[in-house]
Amino acid sequence: MSRVRVLAGTRKGAFVLTSDAKRERWEVSGPHFAGWEIYHLKGSPADPNRLYASQTSGWFGQIIQRSNDGGKTWEQPGTKPGEPTTTPDGMPKGESNKFVYDGDPGTHQWYDGTPHPWEFKRVWHLEPSLTDPDTVYAGVEDAALFRTVDGGRTWQELSGLRGHGSGSRWQPGAGGMCLHTILLDPSHPERIFIAISAAGVFRTDDAGKTWRPMNRGLRSEYIPDPNAEVGHCVHRIAMHRSRPSVLFMQKHWDVMRSDDAGESWQEVSGNLPTDFGFPIDVHAHEPDTIYVVPIKSDSEHYPPDGKLRVYRSRTGGHEWEALTKGLPQSNCYVNVFRDAMAVDSLDSCGVYFGTTGGQVYASANAGDSWAPIVRDLPAVLSVEVQTLP
Amino acid sequence: MIRVVLPAHLRTLARVDGEVELQIEGQVTQRSVLDAIEARYPMLRGTIRDHVTQRRRPFLRFFACGQDLSHELPDAPLPDAVASGAEPFFVVGAIAGG
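Chains as they are written, first to last, in my numbering: chain A, 1 to 389; chain B, 1 to 98.
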């Protein structure tokens, strides 16, 4: 019988939630890495027991953790204690938490428009390769894309992104200048989409050597040129693996759709009560069924009217229905962060999301009804789910 | 024998309990102590000082013998009591956050 494993990253540790395919009774393990911010955990599609976690701290910096047994045990994939820290020719060995920009990193724009040096702060998102458990992409703050091909022991920047020409015009969003979304195209192995707050969407078709901005059709009234090539605060993008040229986006304001692999975007906010929000995701079996969590505004990061409602469109946008059964419909003022929603691939698609109030909600029926798996975790930063045989 | 007291989170990462004891050849300085810690516990590289600049992370401080040594030069000798092992060298995380 199939099982699901939900990986929740929180402000104070990681939690692994497991259930059988009924998704009614859950086992909770954790906190792993207690007391640390876990921005993201994700499993390898090629080896589901290989997990990667981004463990961060304002005091101690960035740590990368790896599990080879589905989250039961973890290790830092760098140099082992007692091993020499230099290579035979005397060069320092790479370390699993060493994220160093390629060359002179230069400057990006600060909040006030002045130049500000690029500074590594943390890994926001880890995206394991679709085919190789030892290859993982890391989206970091200040925005850049790194890759490991040795299971996380060493990381190299794919600097063509940051250096493609517009980097000096990128600016941080309120949460920092983060590269938060990495989508690997299953039908074009050298095509990757990434998204940055606040720069926008970029695409490579040559495995990361060269990149192009993919923001035509985005309109952001809060930046000097609302139709600028870069500078848009894209919160999240999502695709269905059977149709990777169709992308969905939750922007700072506006829910958008692209039918040409990001070349152009159209607004599909339709009848949403507000089109501000963070996460967006796609049903595992219905490429035109998408989910968002509307948030009141950019200055009031909680659901409108104190009602936590997931909105589902079965038409790829424009027409939305509120999903409320099992979710609090009064006095609810939590937020749902951009990486805190995921879907499983069981026949009846499961949808999951975590809140800043520490709840992780699950729906085993594509959003028709919801129940909390846990209610009182630290603020949830990320949710991923694995469907296991 | 040099004694080093690490913050709890770094003891967890290094999988040690209590004080760390190190043998250091030559002069005992911040740099030689941190070099020795990172050689013994490579998982701590980057957590006390930056990988590239080698500067102390901003929310960490160094203390010994009741003195704040955070702003001493990295190659300045540490107090004799640290070099002899009579007193530990403390790596301390700032009290901040929630």
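Check each hint, because a few of them may be wrong.
[As the list claims (entries may be wrong)] Cβ-Cβ distance ranges computed for the label pairs, FRET-style: (1) S70(B) to E319(A): 58 to 64 Å; (2) P74(B) to T114(A): 27 to 33 Å; (3) S245(A) to D17(B): 27 to 33 Å; (4) E24(A) to A8(B): 50 to 56 Å; (5) E19(B) to S348(A): 40 to 46 Å.
[Unchecked claim] Chain B residues, not near chain A, derived (Cβ > 12 Å throughout): (6) H9; (7) T12; (8) E38; (9) Q67; (10) V92.
[Stated by the list, open to error] Computed far set for chain B versus chain A, every beta-carbon distance over 10 Å: (11) L13; (12) Q27; (13) I48; (14) D50; (15) C65.
Bear in mind the hints are in silico, worked out from the structure with no lab data behind them. Every residue gets a Cβ at the ideal spot worked out from N, C-alpha and C, and that includes glycine.
Item checked: Status of I48(B), Cβ more than 10 Å from any chain A Cβ -> violated, 8 Å
### Query
Just checking, V92(B) versus chain A, shortest CB gap more than 12 Å?
violated, 10 Å
> Taking 27 to 33 Å as the hint, is the beta-carbon distance of S245(A) and D17(B) inside that range?
Replying inline: At roughly 55 Å between Cβ atoms, D17(B) and S245(A) fall outside 27 to 33 Å, so the hint is violated.
>> Between the beta carbons of E24(A) and A8(B), is the distance compatible with 50 to 56 Å?
In response: 38 Å Cβ-Cβ, so the 50 to 56 Å window is violated.
Next item on the list: Could you check that no beta carbon of chain A comes within 12 Å of the beta carbon of E38(B)?
Entry: E38(B) not clear of chain A: closest Cβ-Cβ about 7 Å, inside 12 Å.
| request: Return holds or violated for the Cβ distance of S70(B) and E319(A) against the range 58 to 64 Å. | output: Holds, at about 60 Å.
Q: Just tell me: holds or violated, for the beta carbon distance of E19(B) and S348(A) against 40 to 46 Å?
A: Since E19(B) and S348(A) have Cβ atoms about 55 Å apart, the given range 40 to 46 Å is violated.
- prompt: Is the nearest CB of chain A more than 10 Å from the CB of L13(B)?
  reply: violated, 7 Å
Would you assess whether Q67(B), listed as outside the interface, keeps its beta-carbon beyond 12 Å of every beta-carbon in chain A?
Q67(B) is indeed farther than 12 Å from all Cβ atoms of chain A, at 21 Å.
- Non-interface label on Q27(B), tested against every C-beta of chain A at 10 Å: holds, 20 Å
C65(B) remote from chain A - nearest C-beta pair above 10 Å:
holds, 23 Å
Notebook entry, point to check: Measuring from beta carbon to beta carbon, are P74(B) and T114(A) in 27 to 33 Å?
Noted result: Since P74(B) and T114(A) have Cβ atoms about 31 Å apart, the given range 27 to 33 Å holds.
When held up to the earlier numbered hints, the structure conflicts with 3, 4, 5, 6, 7, 8, 10, 11, 13 and 14 and fits the remainder.
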